[in-house]
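Enquirer: Read top to bottom, the protein sequences are chains A and B. Count the first sequence with our numbering and you get residues 1 to 298, in order. Count the second sequence with our numbering and you get residues 299 to 452, in order.
Simulated from the structure, these hints should not be mistaken for laboratory data. Fair warning: this is a prediction, and the values are worked out from it, not measured in the lab. From the three backbone atoms N, C-alpha and C, an ideal C-beta is built for every residue, glycine too. Careful, some of the hints might be misleading.
A short, non-exhaustive set of chain A residues, derived as facing chain B with CB atoms under 8 Å [what the hints assert, rightly or not]: (1) Pro144; (2) Gly147; (3) Pro228; (4) Ala231.
Below, a list of computed lysine to any residue pairs in the SDA-like style, where the Cα atoms sit at most 20 Å apart [stated by the list, open to error]: (5) Lys369/B / Glu421/B; (6) Lys396/B / Thr383/B; (7) Lys79/A / Lys396/B; (8) Lys426/B / Glu112/A; (9) Lys426/B / Lys30/A; (10) Lys30/A / Glu295/A; (11) Lys426/B / Glu295/A.
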Amino acid sequence: MRHIISIRDMSREEIDSLLDKSEYIRKKDKYRRSLEGKLIALLFFEPSTRTRMSFASALARLGGEAIIVDSVEGSSISKGETLADTVRVVSSYVDGIVLRHPKEGAARLACEFSNVPVINAGDGAGQHPSQTLLDLFTIRESMPLDGIEVGLLGDLRYGRTAHSLAHALTHYDVRIHTIAPRSLELPNSTLSGLIRMGAKVIEHETLDSVINELDVLYVTRIQRERFPDLATYSKVSLSYRLTPENLADVKENMIVLHPLPRAGEIDPSVDTMPQAKYFRQAENGVPVRMAMLEEVIQ
Amino acid sequence: MTKNPEEGLLISPIRNGTVIDHITAGEALSVLRILGITGTTRECLSVATNVKSCEGGLKDIVKVENRELKKNEVDRIALIAPNATINIIRDFMVAEKKGVEIPSILVGVVRCTNPGCISNTNEPIETKFVVEEGGLRCLYCDNIITSGVAELII
C-alpha cells in the first residue's frame, strides 16, 4: 500500500514518474475514469478552499466519489476522539483518505492507522507534497528541472512551501538563491539539512542583486503576524513586492511562481506579463492531484 | 600485601547487577534519571562522578545492584553518554560487556520540541526520531533537535 506523506520520502524517479503522469493527464486525458467506483474521504480538519476543491475536482475527473468532512465542529474530533481512531474507522468506509490537519505530522500518524492509502493535503506548518509536485510540474512545463537557477523570495523561515520545494530540488542540478527579510531567513537547521543533501544555496539580501540571473522566482507570502507591529510589516512587505520594473531585464524564459493566496507580494500589474505563471500553477493542481490519486489508489 | 588507601577502590564491587562505566563526566545523574532511579529507589546504588579515567580525563560511574539493563534503556543512555560501557555482573564476575550505540531510529525515547507536532497530543503513538548528522529529526514533523537532548528524554 502506497501513501504520499512528504516530498522527502520520494526519490527522483518517483517524482519524475508522477510528473510524467501529470503531464499526460493534462495534455491528453483530462477526464479519464480510472477511479470509477472508488470512494475517497477528504478529511479537512483545517480550512483550505483551493486544495480541497482541486482534490475534489481531480477525483471527480477520475470518476471517483468524494465524501467530504470539512468541519471539526460536530465531528467526532470535537467529541475528543483521537485522529488515530478517526482514521481507523474512516479507512474501513473508503478506498483512500486525503487528509488536511492543523498538527504537523498528522498525515504520518494517519498512515500508521489506516487500512487504505493516505495522501497528505497539508499538515499545519509541515508537509504539503501536492503543492511541491505542482510547483515542480509548472517549472517543468517551461524548462528542464536540471541546470537552472531558482530564487526563493519572502518568508523563508516559516514558509513550508519554499522548504519543501528546496528539498525536492536537491534531486536536480539546481542552484538555489534565497532572498528573505531579516529574521525571516531560512532556518539554520533547514539550510544545513539542504547542504547535506547536496544543495547549492546562495543567500542574497536584495532581489535586484540576483533577479536577472534567475530562471524561476518562487515568491511566498510574508505574513503579518510574524511582525511586532503593522509599520514594520508594511515596510518589509513593500521592499519585497514584485513589480513590472523588477522584471525589466530578466532572462528570456524566466518565470514567476507563487503558491497563492498572495497578500501583496506580487503587484497585480505583473499578472499579464509573460513571466507570471502562478495562475497556471494553481490550475496545474488538478492534473497533479489526479496523478497522485491514481498512483496510490488505483 | 596491604594496599595504599589512596589506590583503593572508590566503590566496592557488586554481586549482581549493572556497572555503567565511562559515562561522560557530569552526566551520571542524568543517566540515573533516564533509568528511572530516583531518591526513593530501593536498589542499592553507587555513583561516582569526575573520577580519573585510565585513558586520561574524567568520567562518571554508576553501579546498580540486582538490575540488568535492557536494550531500550541502553539506547537512551547512548544519547548523553556515547562512550559508556555496560557491564552486566553476575556473582561478582562480568557476565556481559557491551558498548552503547545510538540506534538509527529512536522510538519513545525523546520528546519533540515542536509544540505543533502531532506527537505532543493525546494520540496513541510513541515519538520517533531519526538520528542524523545534524541532530535528531522527528519522523512526524521533521523538526530537528540539535541540543538539550538530556532534558527531552522521556
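Enquirer: All the hints need checking, so say for each whether the structure fits it.
Expert: Results of checking the hints against the structure:
1. Nearest Cβ of chain B to the Cβ of Pro144/A: about 28 Å, over the 8 Å cut. The hint is violated.
2. Here the hint on Gly147/A is broken, as its CB sits about 28 Å from the closest CB of chain B, past 8 Å.
3. Against a cut-off of 8 Å between C-beta atoms, the interface hint on Pro228/A is violated, since the closest Cβ of chain B lies about 21 Å away.
4. Because the smallest distance between the Cβ of Ala231/A and any Cβ of chain B comes to about 28 Å, over 8 Å, the interface hint for this residue is violated.
5. Distance hint between Lys369/B and Glu421/B is unfulfilled; the C-alpha atoms sit about 25 Å from each other, more than 20 Å.
6. Using a Cα cut-off of 20 Å, the hinted pair Lys396/B and Thr383/B holds, with the two alpha carbons roughly 6 Å apart.
7. Our distance criterion of 20 Å between C-alpha atoms is broken by Lys79/A and Lys396/B, whose separation comes to about 49 Å.
8. Using a Cα cut-off of 20 Å, the hinted pair Lys426/B and Glu112/A holds, with the two alpha carbons roughly 12 Å apart.
9. With a C-alpha separation of about 40 Å, the suggested pairing of Lys426/B with Lys30/A is violated against the 20 Å cut-off.
10. Using a Cα cut-off of 20 Å, the hinted pair Lys30/A and Glu295/A holds, with the two alpha carbons roughly 15 Å apart.
11. The suggested pairing of Lys426/B with Glu295/A is violated, with an alpha-carbon distance near 27 Å, which exceeds 20 Å.
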